[in-house]
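A.B. asks: Next come the chains, spelled out residue by residue.
Protein chains: 2
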Amino acid sequence: MHDAARRARVAASDLALATRQVKDAALHAIADALVRRAPEVLAANAEDVRRGRESGLAESMIDRLSLTEARIAAIAEAQRTVAGLPDPVGEVLRGGILPNGLETRQVRVPMGVVGMVYEGRPNVTVDAAGLTLKAGNAVLLRGSSSAESSNTALVAVLRDAVAEAGLPADSVQLLPCHDRASVRHLITARGLVDLVIPRGGAGLINAVVQGATVPTVETGVGNCHVYVDSAADLDMAVRIVLNSKARRPSVCNAAENLLVHKDIAERFVPEVARELSAAGVTLHADSRFAALAGTATVPAQDEDWDTEYLSLDIAAKVVDSLADAVSHIAEHGSGHTEAIVTADVRAAREFTARVDAAAVMVNAATSFTDGGEFGMGAEIGISTQKLHARGPMALPELTSTKWVVWGDGHVRPSS
Amino acid sequence: MHDAARRARVAASDLALATRQVKDAALHAIADALVRRAPEVLAANAEDVRRGRESGLAESMIDRLSLTEARIAAIAEAQRTVAGLPDPVGEVLRGGILPNGLETRQVRVPMGVVGMVYEGRPNVTVDAAGLTLKAGNAVLLRGSSSAESSNTALVAVLRDAVAEAGLPADSVQLLPCHDRASVRHLITARGLVDLVIPRGGAGLINAVVQGATVPTVETGVGNCHVYVDSAADLDMAVRIVLNSKARRPSVCNAAENLLVHKDIAERFVPEVARELSAAGVTLHADSRFAALAGTATVPAQDEDWDTEYLSLDIAAKVVDSLADAVSHIAEHGSGHTEAIVTADVRAAREFTARVDAAAVMVNAATSFTDGGEFGMGAEIGISTQKLHARGPMALPELTSTKWVVWGDGHVRPSS
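If you read the protein sequences in the order shown, they are chains E and X. Take the first sequence: its letters are residues 1 to 415, numbered as in UniProt numbering. Take the second sequence: its letters are residues 1 to 415, numbered as in UniProt numbering.
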């Protein structure tokens, strides 16, 4: 690992000076090579799928693991999208001329060497490599063993394409995925690695954050709530709850909790319970919600309020006030996305001011928290921490800054 | 500690909604109270000084520890300066209307609960409290035991003043300073504490960063270099080296290393060596530098290149090229401040592009890296890491962000 990190550092110092032209050429070369070499990637992927089936992987996981020609084409296309995004490097964020004549500029610079620890789908390998490269960084990828063959084949394609475009092949490196040691070395390589992004389940993220001495950005755990206020348009609320929960239950921006104001509970609860049940959602309801549901519910346990189901389940509860909803979210939310449905300006302002999360939605589904939806063109993950980046992370979030100061022999007077 | 952190969280949720008016009133109340209650602060400080003398603290440390009426007035005045700075909270950083009509805004919000672990001077207690308060955060202060009485007296004044202005007294809390346990609890209180800033020597910073599971920002270790290029104005170079080294040798932006291009070494080295020696600086020189110095030098050891002296010492070396200077800095620098003296535009551009540090100076002393000098009005430390904030940290660096999204019943189509 330390050898890989040292090679990455060397690569990073070249990448930091690469022009947008060269980096975009590398991204197009990656896209072309992925399409051209799809057969070898698909062959490697078939091995992972076969091994997954043999080891009894759930069919939903097999689906997440599987590549097809169409999926590879989409992954390649995403690289062209990243090539089309503005280069964050060199952007001047602040600056001016100080009273003494010194000229200051705070400019965006690459982060350096970025480590990525992730599970699941092989497309993350390519997405992460493309974004870190465009932001001028070298990347160390540590994927899951279930996708080992696919990741190996993909990284071979990536490295060849990057080298073909005149950038160091070591801009992209895959770390061994079988031992925990490679993760441990990665997250403790202070001075060699500038940032580690864990992307996956809560277990993976906790292990990385607890063990890391390298700075990390936590991503992806979403215990999201929809709060239906007393002043909500109830039809709108049903649509938003359904979309937030059932559009793609396995992703982090899916709602896991429904909070309903008591004043509209009698009318709203039966309606939303019927629609959720019809969509196949299991309701884990508190007693007040259950009493009004008019459809089968499961009694909510204490742990339900803290559970990110990632499935067709939702915890549901009647609350006495907006303040109660805010307190409940403060206690149980993961700081990802929280939504209010209301027609009342004051309630909306209160909720957006008081709720402490990466994204707060008014009259919109939680499912919109996404780099693509937010117009960032891509995302490497959704940060749920407050340091450095919060919410969808794309190119600017993969950079740091540097103050550049020009003078003419300036010395500082004694104070 | 966990009780204190929980009280801080409650205070932080009030502070987050406090208007600038109220926060500035609290800062003015702090300034007034510091002046009014100076006698009790000075009495407490006298105890620390007495204990320091008894335990044989060096006179320079006694000076750093000592408060006077004039110093308290200056500390109070700094609070009024912070009150005059713009409120970072609520600033809209990005935003727009998405193609589907959703309105997005990324706004600055307070970080929440900030922990500060620091050594030395009692003014840090007040400065840190004022800045974190203005940025809408609650602060947990863990100072050094050498300043215990002073810090206790100061925090009593701060809490009273904050409460008098209508904000929670628990916005400012002092943690026990005698056991290591309070630091350990602080830096592992994930979910309760949002950010810990260690400020002090390398030992303190390493201990915090290695043990922390809470996000941290490293501050303050500065192994800074001045590189005198072949195209330098040599008189200017002497002034910049002298100012960078000797203006205040004990601060992190002081230069600890001098790199001289071989082409001007013969003329420059004797000149700068004479001036440095005259200023009482000990030169730890490599053999090429020593041979030209014409004044007494000490042979540089390997560890000299990695030492932050914080004293009237400098490591000095002749290098063959700008590229060698850049490599040396990459290997030994701490990412704080690096300076080049040159009249050559190409050399200046090359150096500023290649050197990876919080601040890179062209024809200016390293001593300018400072929040006050950079026009930030204050600073809570100088970050030497790349995540979140790099260089002098002031109010915006003590905030996070939140996406606020307003819709009209928006749901996301299936993809």
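Treat the hints as calculated values from the structure; they're not laboratory data. Some hints here could point you the wrong way.
In this list, chains with the same sequence are indistinguishable; a pair is considered to hold if it fits within one copy or across any two.
[What the hints assert, rightly or not] Within a straight-line C-alpha distance of at most 25 Å, the following computed SDA-like cross-link-like pairs (lysine to any residue) qualify:
#1 K262 with R180
#2 K262 with W406
#3 K262 with V92
#4 K262 with L85
#5 K262 with A73
#6 K262 with A291
#7 K262 with G211
#8 K262 with D408
#9 K262 with A16
#10 K262 with G56
#11 K262 with G375
#12 K262 with R184
#13 K262 with A74
#14 K262 with T81
#15 K262 with G377
A.B. asks: Now tell me if each hint is right for this structure.
C.D. replies: Now for the hints, and whether the structure bears them out:
no.	hint	result
1	K262 with R180	neither (49 Å within a copy, 48 Å between copies)
2	K262 with W406	between (62 Å within a copy, 24 Å between copies)
3	K262 with V92	neither (50 Å within a copy, 34 Å between copies)
4	K262 with L85	neither (46 Å within a copy, 44 Å between copies)
5	K262 with A73	neither (49 Å within a copy, 55 Å between copies)
6	K262 with A291	within (12 Å within a copy, 85 Å between copies)
7	K262 with G211	neither (44 Å within a copy, 45 Å between copies)
8	K262 with D408	between (68 Å within a copy, 23 Å between copies)
9	K262 with A16	neither (56 Å within a copy, 28 Å between copies)
10	K262 with G56	neither (45 Å within a copy, 67 Å between copies)
11	K262 with G375	neither (37 Å within a copy, 52 Å between copies)
12	K262 with R184	neither (49 Å within a copy, 43 Å between copies)
13	K262 with A74	neither (46 Å within a copy, 55 Å between copies)
14	K262 with T81	neither (46 Å within a copy, 48 Å between copies)
15	K262 with G377	neither (40 Å within a copy, 49 Å between copies)
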